[in-house]
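J.: Residue numbers 63 to 234, in the working numbering, belong to the letters of the sequence shown in order.
Think of the hints as simulated: they come from the structure by calculation, not from any bench.
Values in this document were obtained by computation on a predicted structure and should not be read as measured data.
Accuracy of the hints is not assured; some may be wrong.
Simulated crosslink set (BS3-like; lysine-lysine; CA at most 30 angstroms straight-line) [what the hints assert, rightly or not]: (1) K208 <-> K132; (2) K208 <-> K155; (3) K172 <-> K208; (4) K231 <-> K94; (5) K132 <-> K155; (6) K135 <-> K231; (7) K94 <-> K132; (8) K169 <-> K231; (9) K169 <-> K208.
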Amino acid sequence: MIRRVFLVIGLSFGLSGCMETGTSSPKVAVSKASPASFITTFDRYCAANIGNLDKAVRLLQKDGYVPMAKIDKTLTVYSRSPNQPFVGIDSFKGSPIACAVISQPDKSLKPAVAAYMGRVRGARPIEINDVRGNFDASWVTDVPYKTLYVAFTSSDPTFGRIYTFLAGKAQN
63 MIRRVFLVIG LSFGLSGCME TGTSSPKVAV SKASPASFIT TFDRYCAANI GNLDKAVRLL
123 QKDGYVPMAK IDKTLTVYSR SPNQPFVGID SFKGSPIACA VISQPDKSLK PAVAAYMGRV
183 RGARPIEIND VRGNFDASWV TDVPYKTLYV AFTSSDPTFG RIYTFLAGKA QN
């Protein structure tokens, strides 16, 4: 089940197109978020709403985020201001299944994500090899839902080089 969910999430979040190409320039400038902003954004929209990502979409809209890109017909990317990370909500068969926070890579983001996951009740690191490469780090927790978390750095034709931290509720 974990492999299937991550395949869906990974492909939808563009991992199939996020391999290093070095030939394209990004079409959208992604902000460089501070670790505090990155983690606070993830916690508010993704972690707090993993059981109901429709609620996350409503909260994003209430907080002034606007849809600024639709990728592969499943991933909607929201933006609020140049100093805030982007938030992506991914759907499968019309239902939201994953939420991610996206920023320019910064060496301080990985330790912030690792520290955050150290505080998530029941989270344990797991090894997952995605079909196109490896995630920087991945975790699973069963509390309150079986939830998968991954963090990775990639190059995307739309956004350029990005760091992504995402959570997805495992589908039965």
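J.: Now tell me if each hint is right for this structure.
T.: Results for each hint:
1. K208 <-> K132: holds (27 angstroms)
2. K208 <-> K155: Given that 30 angstroms is the threshold and the Cα spacing comes to 20 angstroms, the pair holds.
3. K172 <-> K208: At roughly 23 angstroms apart (the allowed maximum being 30 angstroms), K208 and K172 satisfy the hint.
4. K231 <-> K94: holds (27 angstroms)
5. K132 <-> K155: holds (15 angstroms)
6. K135 <-> K231: holds (20 angstroms)
7. K94 <-> K132: holds (21 angstroms)
8. K169 <-> K231: holds (27 angstroms)
9. K169 <-> K208: With a Cα-Cα distance of about 29 angstroms, the restraint between K169 and K208 holds, given a limit of 30 angstroms.
The structure fails none of the hints (numbered hints given earlier).
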